[in-house]
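**Student:** Sequence:
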Amino acid sequence: TALSSRHFIVNVPRGDESCCILFVSGSTGGGAMSEGEGLFHSVQVGDSTFTVLTRYQQLRAIGSGAQGIVCSALDSVLGVPVAVKKLSRPFQNQTHAKRAYRELVLLKCVNHKNIIRLLNVFTPQNSLEEFQDLYLVMELMDASLCQVIHMDLDHERMSYLLYQILCGIRHLHSAGIIHRDLKPSNIVVKSDCTLKILDFGLARTACTNFMMTPYVVTRYYRAPEVILGMKYKENVDIWSVGCIMGEMVKGSVIFQGTDHIDQWNKVIEVLGTPPMEFMNRLMETVRNYVMNKPQYPGVSFSQLFPDWAFPAETEQDQLKTSQARDLLSKMLVIDPESRISVEDALDHPYIHMWYDPGEADAPPPQISDKQLEEREHSIEQWKGMTTVLFVFYLTVPSPTAIIDLPSISP
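Numbering-wise, the sequence shown is residues 1105 to 1514 according to the numbering used here.
Each hint should be verified, as a subset may be incorrect.
FRET-style restraints, in silico, Cβ to Cβ [to be verified]:
id	residue 1	residue 2	range
1	D1246	G1402	15 to 25 Å
2	A1165	Q1420	27 to 37 Å
3	G1402	T1153	22 to 32 Å
Pairs of lysine-lysine residues, derived as DSS-like cross-links and limited to a Cα-Cα distance of at most 27 Å, are as follows [said to hold, decoys possible]:
id	residue 1	residue 2
4	K1354	K1434
5	K1397	K1434
6	K1212	K1370
7	K1354	K1370
8	K1217	K1294
9	K1217	K1337
10	K1337	K1434
11	K1335	K1397
12	K1335	K1434
13	K1337	K1294
14	K1335	K1370
15	K1434	K1370
16	K1212	K1294
17	K1212	K1300
18	K1300	K1217
19	K1354	K1294
20	K1434	K1300
21	K1300	K1354
22	K1370	K1397
23	K1337	K1300
Please keep in mind that the hints were generated in silico from the structure rather than gathered at the bench.
Computed from a predicted model, the values in this text were never measured in an experiment.
Ideal Cβ positions, reconstructed from N, Cα and C, are used throughout, including at glycine.
Starting from the given sequences, assemble the full structure and let the hints guide the process.
**Tutor:** Written out as structure tokens, the structure reads:
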């Protein structure tokens, strides 16, 4: 149904729901917003100005990072709280422009309970020439994992949180999507212990060439093969999950390097110098550097994660402690060829009690742009491709089944 030269509405299916979507196409005119007058309002959030649709009220900053600022808000149309993310300089250069497009593509194609849901996308600018601000509206959760990870979590809560992370990662990996930036601040939770993964600006679809930029995952959660510039694949995310699990147990970051090189030193000091089989797969210059470092025997996982670090009130807790330590020993493996897969991690005794085929084996997302990583475009071309993806999701969320879940609250 035509609304104007800039708008049209279509009905499309999304998962189990039918969505009415309002597409906003870029106009070629310049100047101030004409058709959108009164549709937006501006709010000062710290040093940043949020110019958002008037339906989003009561904005309050809840987080910030290199990729943007996030506010909580009230959606006055649906009467529900939401999170509004303003991407940081999305079209500053080609890399930023591609990252913004990638995040939007991946958020639109995934459909899993453990991955944050995209509700709306908009810009206050009304022409491609002016287009510089990009806002993503998503589900609002209660806290990031950063705020939960240092709590005294019992085995039930910890294993359930890890299960959900693995389910979300399994869903991504099933479509060849590697998250590449898993860390506590990119995982959000509710007080009922439900969990969702977010931030896909650094994610990418796997291709035949796995030699990718090493400066991706936040240093503390960065896998050895990334640090050393090796080819890598999906189980790079499993190392990050192992680091997160280790932090849950110890209450602190387990490999806290001061820079790229020191991060590798921290890993081998704890896990030991890897064998020659691993060294031989390194580039010669990297191998020479690594082999000139002191040789470390490493420490046992029972020393790294002693019994006192785990809940130990019952015999069942003692069994779970042994299982948790075993899972950590399979995730935190320097050689990716020997590291556990996400499928085997979901089948591990520490996690398997939560296993639900509908969650762990959900249908893979259908990526709409499978050549995304191979293509390069100008900033203006990335802008144009991004506007094509602009959608307003106008569905009322379907009721959520209430089930008995472990609460995070102490």
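**Student:** Now tell me, hint by hint, if it's right for this structure.
**Tutor:** Each hint, compared with the structure:
For the pair D1246 and G1402, the supplied restraint of 15 to 25 Å is violated, since their beta-carbon distance comes to about 38 Å. Between A1165 and Q1420 the Cβ separation comes to about 42 Å, which falls outside the hinted range of 27 to 37 Å. A beta carbon spacing of about 51 Å between G1402 and T1153 contradicts the range 22 to 32 Å that was offered as a hint. Taking the CA atoms of K1354 and K1434, the gap is about 17 Å. The hint holds against a cut of 27 Å.
Annotation: proposed proximity of K1397 to K1434 holds, straight-line Cα distance about 25 Å (limit 27 Å). This hinted pair does not check out: K1212 and K1370 have alpha carbons roughly 38 Å apart, beyond 27 Å. Taking the CA atoms of K1354 and K1370, the gap is about 16 Å. The hint holds against a cut of 27 Å. The straight-line distance between the Cα atoms of K1217 and K1294 is roughly 13 Å, inside the 27 Å bound, and the hint therefore holds.
Note on K1217 and K1337: the hinted pairing holds, with a Cα-Cα distance of about 24 Å set against a maximum of 27 Å. For the proposed pair K1337 and K1434, the alpha carbon gap of about 17 Å is at most 27 Å, so the pair holds. Proposed proximity of K1335 and K1397 is supported: the alpha carbons are some 22 Å apart, at most 27 Å. Between the alpha carbons of K1335 and K1434 the distance comes to roughly 20 Å, so the proposed pair stays at or under 27 Å and holds.
Proposed proximity of K1337 and K1294 is contradicted: the alpha carbons are some 30 Å apart, above 27 Å. As the CA atoms of K1335 and K1370 are separated by approximately 21 Å, the hinted pair is consistent with the 27 Å bound. Distance restraint check for K1434 and K1370: the Cα-Cα separation of roughly 18 Å lies within the 27 Å cut-off, and the hinted pair is therefore satisfied. Distance check on the hinted pair: K1212 and K1294 sit about 22 Å apart at the alpha-carbon level, within 27 Å; holds.
Annotation: proposed proximity of K1212 to K1300 holds, straight-line Cα distance about 15 Å (limit 27 Å). Between K1300 and K1217, the direct Cα distance comes to roughly 7 Å. Compliance with the 27 Å bound is thereby established for this hinted pair. Between K1354 and K1294, the direct Cα distance comes to roughly 22 Å. Compliance with the 27 Å bound is thereby established for this hinted pair. Pair hint K1434 plus K1300 holds up; C-alpha atoms about 23 Å apart against a cutoff of 27 Å.
This hinted pair checks out: K1300 and K1354 have alpha carbons roughly 22 Å apart, not beyond 27 Å. Simply put, K1370 and K1397 have alpha-carbon atoms about 12 Å apart, close enough for the 27 Å limit, and the pair holds. Of the supplied pair hints, the one linking K1337 and K1300 holds, its CA atoms being roughly 22 Å apart against a limit of 27 Å.
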